[in-house]
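Quick note: the sequence shown, position 495, residue 495 per full-length UniProt numbering, numbers continuous.
Some hints here could point you the wrong way.
With a straight-line cut-off of 30 Å between C-alpha atoms, the simulated DSS-like cross-links for lysine-lysine are [said to hold, decoys possible]:
#1 Lys500 to Lys590
#2 Lys590 to Lys574
#3 Lys604 to Lys574
#4 Lys178 to Lys142
#5 Lys568 to Lys590
#6 Lys568 to Lys604
#7 Lys568 to Lys500
Have a look at the derived ranges for each label pair, beta carbon to beta carbon [claimed, not checked]:
#8 Glu595 to Met1: 43 to 49 Å
#9 His36 to Pro99: 20 to 26 Å
#10 Glu448 to Glu470: 30 to 36 Å
#11 Asn274 to Asn321: 26 to 32 Å
#12 Glu146 to Leu335: 42 to 48 Å
#13 Gly583 to Asn273: 46 to 52 Å
Hints in this document: simulated from the structure, not taken from any laboratory. Ideal Cβ positions, reconstructed from N, Cα and C, are used throughout, including at glycine.
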Amino acid sequence: MYEHDVIVVGAGGAGLRAAIAADEEGADVALVTKLHPVRSHTGAAEGGINAALRDGDSWDLHAYDTMKGSDYLADAPAVDTFAQMAPEEVIQLEHWGLPFSREEDGRVSQRPFGGMSFPRTTYAGAETGHHLLHTMYEQAVKRGIEVYDEWYVTNLAVTDHDDPEDRECHGCVAYDIKSGEIHGFRANNGVVLATGGLGQAFDHTTNAIANTGDGCAMAYRAGAPMEDMEMIQFHPTTLPSTGVLISEGVRGEGGILYNDDEERFMYEHGYANNAGELASRDVVSRAELTEVNEGRGIEDEYVDLDMRHLGEERILDRLENILHLAEDFEGVDGLDEPMPVKPGQHYAMGGVECDENGETCISGLYAAGETACVSLHGANRLGGNALPELLVFGARAGYHAAGKEMKTAEIGTGPSAKSEDGAVEPPVEPGAIDSSSEDVVADGAAIEPTAVIENAVSNERERIETLLEEDGINHAEVRADVQRTMTQNVNVFREEEAVKNALRDIREARKEYENVAVADPSRTYNTDLIHTIETRNILDVAEAITLGALAREEFRGAHWRAEHQERKDDEWIKHTMLAWSDGTPELYYKPVILEGEEETYEPKERSY
């Protein structure tokens, strides 16, 4: 068994920032990650980091843009905390050596991004995430933070109580990919989940193959609710053949979208008369698909993104890697011709319910980054807000897990407890869910943490041995079925019958998963085993997304419902919550907090 004060699961941007913060507070901290840190998906982030740095800009303007972008489903305490702290995090990165793009006078460059009222997006060419990741990994190495590289955390070690708020997280269980051994990790102070997104629930996604919703699913099964899971962002500019992301920075620099009639449709068809291509992502994605569905798409599939008019010098200076992506994956030279783009799954606004310190309802368990739902993004995330989120709330989770409150004033509230009168019936009857491999272990608070972890390790060894020794179907069949139905039925445009079909498909896939087995008997670098374990997590998050999509009967942000073509503020300014409840998902709600530090955000018509 390995022992540290703070265990951070995942070593992307949020995990690295949490680990650095915990180390700064004197904690013995370790990163446990299934990928080498600089291979984490944060490195694929292209666009930039929003922060109010210039004269004429302010944190409260950034906060307002974020709340408006969220379609008033974000919580004001999280939004205000984020906007206030983003500038100091960007300045810290600059001091650590991140090579920001700069103006001729030496100032860090900032460019416009969708939904922003001020050009506040700092960037490093079109490789901002890559530079961010390397800069913070350097800091982790400098501090001597221990990294358990290629260790896949498969389970949490949590005391078993009926009420999740009485549960305690003492550590986790991890599979050493190099040796095939399974070991426990004890966390004396806390575990921070920072495992990234869940894009592999869809078959057309910008997310890496490793983004399988691991942290969300583990916390969910351990008793931490998931929040607003139906809110999935579809990025408007992905390459049709692969889902590879084309940065919003292209449109921020002046890139133009055209349909097959060579119309600049964002303006000419009235989708965004003021912001045009720089409307928020949900608006642009719906506009593109509407053009395709109404017969104005190119080859009935995509639209064109044109940056030729920007000139070779500007493109090479600020967007060079976009040229390589278009050439490598689509055979297009962006200097001489437009690039084909269409919407693709990109980001999860929902996640594990937590407060502004990353704390969940399970004592000792924290979440940060895309794994978490501190309720910053609500129904739609603005481009350039993801990287500062993982910095601000990664730091707060790390400080808090180390046992020290942040020095800034606390202006938010903790995660809500599920009340009896807050519970509602699921929108459809839940299917049978296999809970034979329990993620919640031990028997009451009197059990020592070591025993809790040892029990979790024993259960996980038994589960993995069963997968390796028995015959059955390959997980890939199950995964493909889930990805196919999610992309087909729970995409940008959602219809009730289609969402119900997806739920039936997912529950049928869950039954099939009971019969999976791993054909590869090897104990080292067994990717088939890893993917089989991941597929269970994909099933859990896909079901949660679909249940939320069926329950929310309105049109808000990224959530479009054919049967409900308006935002219903009187009824739906509330968060969709989902509890595991021993494998029978329980749906309930909690109110959105619109009262901020300096003002109460009043919902208004959202136009760009």
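Comparing the hints with the structure gives:
no.	hint	result
1	Lys500 to Lys590	holds (24 Å)
2	Lys590 to Lys574	holds (6 Å)
3	Lys604 to Lys574	holds (16 Å)
4	Lys178 to Lys142	holds (25 Å)
5	Lys568 to Lys590	holds (16 Å)
6	Lys568 to Lys604	holds (12 Å)
7	Lys568 to Lys500	holds (22 Å)
8	Glu595 to Met1: 43 to 49 Å	holds (45 Å)
9	His36 to Pro99: 20 to 26 Å	holds (21 Å)
10	Glu448 to Glu470: 30 to 36 Å	holds (33 Å)
11	Asn274 to Asn321: 26 to 32 Å	holds (30 Å)
12	Glu146 to Leu335: 42 to 48 Å	holds (46 Å)
13	Gly583 to Asn273: 46 to 52 Å	holds (49 Å)
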